[in-house]
Structures are given as C-alpha cells and as structure tokens.
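Based on these hints, arrange chain V on the given structure of chain E.
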Amino acid sequence: MTDPRSQTAANPSADAVIPRWATGVAAGLWAAGCRDIVYVPDNPLSHILAALLRHHTEVRTLLAMREEEALGIAAGLYLGGARPAVLMQSSGVGNTLNAIGSLLIPYQVPVMLVVSMRGDPGEWNSAQVPMGRAVAPVLDAFGVQHLTVERDEEAEGKVLALASLAFGTRLPAACLLPRRLTVPVRGGVA
Amino acid sequence: MTRFEAIGLVRRWLTDEPVVVSLGHPAYDLFAAGDRDLNFYTWGSMGLTSSIALGLALARPDRMVVALDGDGSLLMNLGSLATIGDCAPPNLVVFVLDNGLYGTTGGQPTPTSRGADLEAAAKSMGIARTATVRNEGSLQEALAAIRKTSGPWVVVVKVEESAPIAKPPLDCVLIKQRFMVALGQP
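Read top to bottom, the protein sequences are chains E and V.
Mapping of the first sequence onto my numbering: residues 17 to 206, in sequence order.
Mapping of the second sequence onto my numbering: residues 1387 to 1572, in sequence order.
Here chain E stands alone, though its shape is the one from the complex (with noise of 0.2 Å):
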C-alpha cells in the first residue's frame, strides 16, 4: 500500500518571520517525538504550521474538520503508534469534550492539545469571552494538566514538559497560549 498524502498546512515564503514562541512551540513538539500534528485552524496556530514545515519536514500535518473528531484521529495515530498532538482555539475546546471525558482519560490514550486563547486579555469579540474564560476550569474538572506559555522562551520547555507528561502517564495535556503572547503588540484582530 501506498502512504496517504501528507496535507500541508501552511505555505509560508521562505522569509517569513515566525514568532519565536512557535518555532519554540514547534521544537517541544518535535523534541517530545510528535510526528502527527492533527489540527482545526487558527491565526496563532498556522506560524506553529509555519516552524514545523520549515524546521521539522518529518512531521506529518493533518486537517480535520472538528476538535473532537481531530480527537478522534489522534486516538487512533496512538493505537497506532504514534505520538500525536492537535492544536486547536480555545472555542474548539468545547467540542472535544465528550471525547476527553469518554475516550482519552477512560482508555488512557495521550493526546498533547495546544491551545491558541481567545476571550483574553486583548480580545474585542465578545462571543470568545465565555469559551475562553471557560477552557482552564473545564481541563480542570477533567483533571487535565495545563499550563499556559508567558514568554517566547518558555515555549518549547514547557511543550515538552507537558508532553511527557502525557505519553509517560498516558493521559492528555494541554498547553496553553494566550493573546498576550500571539498577538501582543495589536491585540486587535486575530
């Protein structure tokens, strides 16, 4: 059998400027061993795409139409070996959680979700705020290890931290990255 196409996410010139907290995003990723990033679109999210297809060309990107059902693919990348992660806004954390709740933590599959926020400091949407504001306390009730990334240079270690929590106890983690590092300067549209 042949091997499926790989999607590529994002084709960015070869001079765009990535942000540092994605190439940072991009290499605890590669470091924790994801090769499988499963992922619904995002402003913030597409330079992590950006940083991987340009640092990180064995990584295999994947779109998928919802968050739970990207869930669901990288429950199935892990049965099959893999070790995956899906990124994903903030609003899409609502759609995955019977997914969380009624596959990844009964079955202990690990699953590395990166979050992009809204509904923070810098948003102008008001139909972001409640999800946003929502997306820690819900991880919480799950039990759902998070952290959210400050700085540039914190990216890729707590990337990699999260992750191995993730695949070394089998569990999903969460990293999270707020308007404030994203988009820190406009904090206009995203």
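A hint or two may mislead.
[As the list claims (entries may be wrong)] Now the stretches of chain E that chain V is said to cover, found in silico as 3 or more residues with beta-carbon under 8 Å: (1) 95 to 108; (2) 122 to 134; (3) 169 to 177.
[To be verified] From the derived model, a few chain E residues whose C-beta atoms are all more than 12 Å from chain V: (4) 87; (5) 88; (6) 161; (7) 164.
[Claimed, not checked] Among chain E residues calculated to face chain V with C-beta under 8 Å, some are: (8) 89; (9) 92; (10) 115.
Just so you know, these hints were derived from the structure itself, not from any lab.
For clarity, every value in this text was computed on a predicted model and none was experimentally measured.
Beta carbons: idealized from backbone N, C-alpha and C, even for Gly.
Frame of chain E, contents of chain V only:
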C-alpha cells in the same frame, strides 16, 4: 439481513485487520460474533469510530483498518467523510450499519429512514470506493471487492435492528492494551 447477521459476515471475513467499532449495539454484536484482541470496542465518544479508524490507518499503512459504524453515529460526525476523502488512506474500510434508527437509545428514526443517503455523502466527499448493500449476497460481493481494490472504502450496509445478546468487556484500558499489543505496539 439483521445487523447481527451483517456483523457476523464481516467478522468471518476478517483475518488480521484491526477493527474499531461504534459503542452500543454494533460493539455488542461484534463481541457476540467473535471476540478478539484486534477488536477496539468504544464505550463512549459516539460519532468518532470512523475518525479513530482513520488515525489508525494513517499510523499503520501496513494494515487494513476496519471501522464498524452506525448511521446515527456517522451522522453525528459527518465531517469525517470529508477528512477521509481529503487524505484518502488506501487501507481504510468503513462499514456503516444503517438500520435507519438510533438502536441503542430507544429506536428513534434517523434521517436515513427518510431518504438521507450516506453512500452519496461519502461519494460526494471524494471517497474512492463506495457501495450500498441490502442483502447477504451483495455484502459478500462487497467484501470480496474490498480484498481486490484498495480504498478508502465506505460500504453502507442496510440492516434491520436485532436484539443484542452479549456485551464486550467494560474495562477500557484492557480493551486498549490488548488491542495495541496485538498490533505490535509497545
């Protein structure tokens, strides 16, 4: 053809293929038709059967991966057909056991009982091989075709509801662990 009869035919056709099966009656029927370590019984995450199978097919291109989904379950995650069509794994086979109702939750009718066509949905999402079968003979023909032609396949199996007679183990970690060991994963 009842769902149990259809799942029994698929079960006897299997050799070393891992199977991901939707929670509730499809999982009960697969267990009753013949338990094996390579059966991944879901107990929750309704709708994600085809997605789990897709991920497994991508991770293990050396194995044919089988999903046993239901019509209600697939309708809960119809975007999965777009993703499967988009990445087109040749080693994925999705059977949709279409009884036109939510059999596990009390028998409420699904849209397929009123004309919704899941094979057409799969085809329109670019899935290469599709079929709808309505009796054991045509299911046997589809099973033979799957052996000869790479996929991805979506086979809608029109079935009648049947009462389950057994339930798989409830220990989710046991189900996962023996499944992964049987696949040669650490």
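Verification of the supplied hints:
With a threshold of 8 Å between beta carbons, the proposed coverage of the segment 95 to 108 of chain E by chain V holds, since 5 of its residues qualify and at least three are required. Against chain V, the segment 122 to 134 of chain E contributes 4 residues with a C-beta closer than 8 Å to a partner C-beta. That satisfies the three-residue criterion, and the hint holds. Residues of the segment 169 to 177 of chain E lying with their CB closer than 8 Å to a CB of chain V number 0, which falls below the three-residue condition for coverage. The claim that residue 87 of chain E is not at the interface with chain V is violated, since a C-beta of that chain comes within 12 Å of its own (minimum 7 Å).
Distance to chain V contradicts residue 88 of chain E as a non-interface residue, since its nearest Cβ pair spans about 3 Å, not more than 12 Å. The Cβ of residue 161 of chain E sits about 19 Å from the closest Cβ of chain V, beyond the 12 Å cut-off, so the non-interface label holds. Listed as a non-interface residue, residue 164 of chain E keeps its Cβ farther than 12 Å from every Cβ of chain V; the least gap is roughly 27 Å. A hinted interface residue such as residue 89 of chain E counts as satisfied when its beta carbon comes closer than 8 Å to some beta carbon of chain V; here the least separation is about 4 Å, so the hint holds.
Against a cut-off of 8 Å between C-beta atoms, the interface hint on residue 92 of chain E holds, since the closest Cβ of chain V lies about 2 Å away. With its C-beta approaching chain V no nearer than about 5 Å, residue 115 of chain E sits inside the 8 Å limit, and its interface hint holds.
Checked against the numbered hints above, the structure violates hints 3, 4, 5; every other hint is satisfied.
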